[in-house]
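Chains A and D, in that order, are what the protein sequence lines are. Using this note's numbering, you'd call the opening residue of the first sequence number 7 and step up by one each time. Using this note's numbering, you'd call the opening residue of the second sequence number 442 and step up by one each time.
None of these hints come from the bench; they were simulated from the model. Note that beta-carbon positions come from the ideal geometry of N, C-alpha and C, so glycine has one too. Treat the hints loosely; a few may be bogus.
From the derived model, a few chain D residues whose C-beta atoms are all more than 12 Å from chain A [as the list claims (entries may be wrong)]:
1) Leu635
2) Asp675
3) Phe683
Rough simulated footprint, nothing fancy, chain D against chain A, three-plus residues with beta-carbon under 8 Å [to be verified]:
4) 8-16
5) 19-30
6) 82-93
7) 96-107
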Amino acid sequence: MRAILAIAQTEIRIGIRNRWVLLASIILLVFALLLALLGSAPSGATKADGLSVVVASLSTLSVYLVPLIALLLSFDAIAGEIDRGTLQLTLATPVSRGQVLFGKFCGHVAVLSMAVVFGYGIAGALVFAAGKNTGMAGIIDLIRVIVTSLALGATFVAIGYVASVSVRQTGTAAALAVAIWLFTVVLYDLALLGGLLASADGFFAKTLFPYLLLLNPADAFRVFNMAAIDAGVQAAGLAGGGNALPYLPQMAIISPFVWMAIALGLSTAILRRVQP
Amino acid sequence: MTMVLHTHNVSRRFREVEALKGVSLDVASGEKVALLGHNGAGKTTLFRVILGFLRTHGGNVSIDGQSPGSRLARRDVSYLPESVAFPKMLTGREIVSFYAKLKSVDAGQVAIALEKVDLADAADRPCGGYSKGMRQRLGLAQAIVGSPKLMLLDEPTSGLDPISRQRFYTLIGEIADKGTAILLSSHGLSELELKTDRVAILRKGELVANGSLAELQRSANLPIRIRVRSNSVDVERVHMRFGGERVNGESVEFDCARPDKMDRLSAISQLGNAVSDVDISSPSLDEVYRYFSRDDAEGGDKA
Chain A
7 MRAILAIAQT
17 EIRIGIRNRW
27 VLLASIILLV
37 FALLLALLGS
47 APSGATKADG
57 LSVVVASLST
67 LSVYLVPLIA
77 LLLSFDAIAG
87 EIDRGTLQLT
97 LATPVSRGQV
107 LFGKFCGHVA
117 VLSMAVVFGY
127 GIAGALVFAA
137 GKNTGMAGII
147 DLIRVIVTSL
157 ALGATFVAIG
167 YVASVSVRQT
177 GTAAALAVAI
187 WLFTVVLYDL
197 ALLGGLLASA
207 DGFFAKTLFP
217 YLLLLNPADA
227 FRVFNMAAID
237 AGVQAAGLAG
247 GGNALPYLPQ
257 MAIISPFVWM
267 AIALGLSTAI
277 LRRVQP
Chain D
442 MTMVLHTHNV
452 SRRFREVEAL
462 KGVSLDVASG
472 EKVALLGHNG
482 AGKTTLFRVI
492 LGFLRTHGGN
502 VSIDGQSPGS
512 RLARRDVSYL
522 PESVAFPKML
532 TGREIVSFYA
542 KLKSVDAGQV
552 AIALEKVDLA
562 DAADRPCGGY
572 SKGMRQRLGL
582 AQAIVGSPKL
592 MLLDEPTSGL
602 DPISRQRFYT
612 LIGEIADKGT
622 AILLSSHGLS
632 ELELKTDRVA
642 ILRKGELVAN
652 GSLAELQRSA
662 NLPIRIRVRS
672 NSVDVERVHM
682 RFGGERVNGE
692 SVEFDCARPD
702 KMDRLSAISQ
712 LGNAVSDVDI
722 SSPSLDEVYR
732 YFSRDDAEGG
742 DKA
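All chains, full assembly: derive it from the sequences and hints.
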């Protein structure tokens, strides 16, 4: 336990000192404020909670930015330590490989949490303070999107470790991480959209599509949040799909956690075979 | 003597390449052993086998009775790799403290380790600003924290200036005096004179020498070089008598086998006034090392 805490603490220290936390917070804050500014126009004409409308946009922002930040945090975790020679030092001590990975996971998730809480928290507070039509519902929506963003981020931190333990060079791990982001966040959705266009009323759209959404943690995150934010459904591109799901949309949040467990298990198994 | 490190007939292959061929090497508590060899001779491979990072393809290794890589063995071993780059934004104290926690060592040991390597004053500065020597000492500080039973140091003095090197070996000596077995790798013999108790030489994965420096010198049986100063009149006579080469018109230099040394000196003294001075030079440590690590050296001529 002491070793896990030491590893996590070191990752947090590095995250703060190399200005990762600051940079990621600013990126999230700037994008969140931009969306708040753009989203304030339609909310004025509706009775929806002003903050909830912004939160709906934030959940879409999270799908793109949070996995990217998480992967950029984690791709270097093992490959970088092999490159710098510090992994052999760490593994020469009595700490187990599972502990090394879990310690890093705790540290990286903490770094990500700081960025998401600062970025979205400050943006949410500003919208709440400036909005005329804000209330408790909006605050709950904001907290939900922050917490689920952390779950999504933690999942991609773990997925980043799979990339990091699979190769020995940091550069290759970085390329792998970018490819994972591109596939899960951009290409996967494009492929689903293509499938929907090709068979709008067929087996794909009615039976396969809802489950394919679950298969991708980023899409599952979007399904969960869009369904949860009543006021946000109009703003969501996938809102139409949410009504016809063959499962409770609340269950979609299980997907990132399942992927997190799979990715952590897989990366630990690969790390056990790595020669530092 | 209690053997801390025991390796017997260890072999390791990388595809077709035999990186270690039947290496047997023991290191006792408090003993300082230098492992020498060219790049690719198998030094780092042997370290990685001892650390449990690589499995052997033959033979066995034990660290204080434990198998390499086991939790108990890792508790007893400390390692300093040849090149390590600590996170630049962390301070020296944070880095040593990190490894102390991984080794479950008391936090009070951190300051002691930093003090020992003369880094107490710079301990709270980010290590990104440390010089090469300071970084090397920081690496050593993390290795000595927790009083390990066996220390593996992979070319710890590479890149250090002569003064830092001297201080490094003094520190190693102090650590060994407290009972730690030390196995350190190096490129050259000359820097190791009087610094280690024993020298082991690896050549293409084979242990070709294992003994004290004096034993190695005896075993190599390299000729001694004798230089006889004569005068312009008698130099030709001296040259005819002993052979070798003429130098500077008045001197003659020749090799002499170690057992023949006294006979040759007596022959020189019989030349009387034809000889004005005699210099005898033993083979240098680098020559001894070159002898054991040369490609055509006979295997198995262990000291």
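Hints and how they fare:
1. Leu635: Non-interface label stands for Leu635/D: nearest chain A Cβ at 29 Å, farther than 12 Å.
2. Asp675: holds (62 Å)
3. Phe683: holds (54 Å)
4. 8-16: With 6 residues closer than 8 Å to chain D, the stretch 8-16 of chain A meets the three-residue bar; holds.
5. 19-30: holds (count 4)
6. 82-93: holds (count 3)
7. 96-107: holds (count 7)
Of the numbered hints stated above, none is contradicted by the structure.
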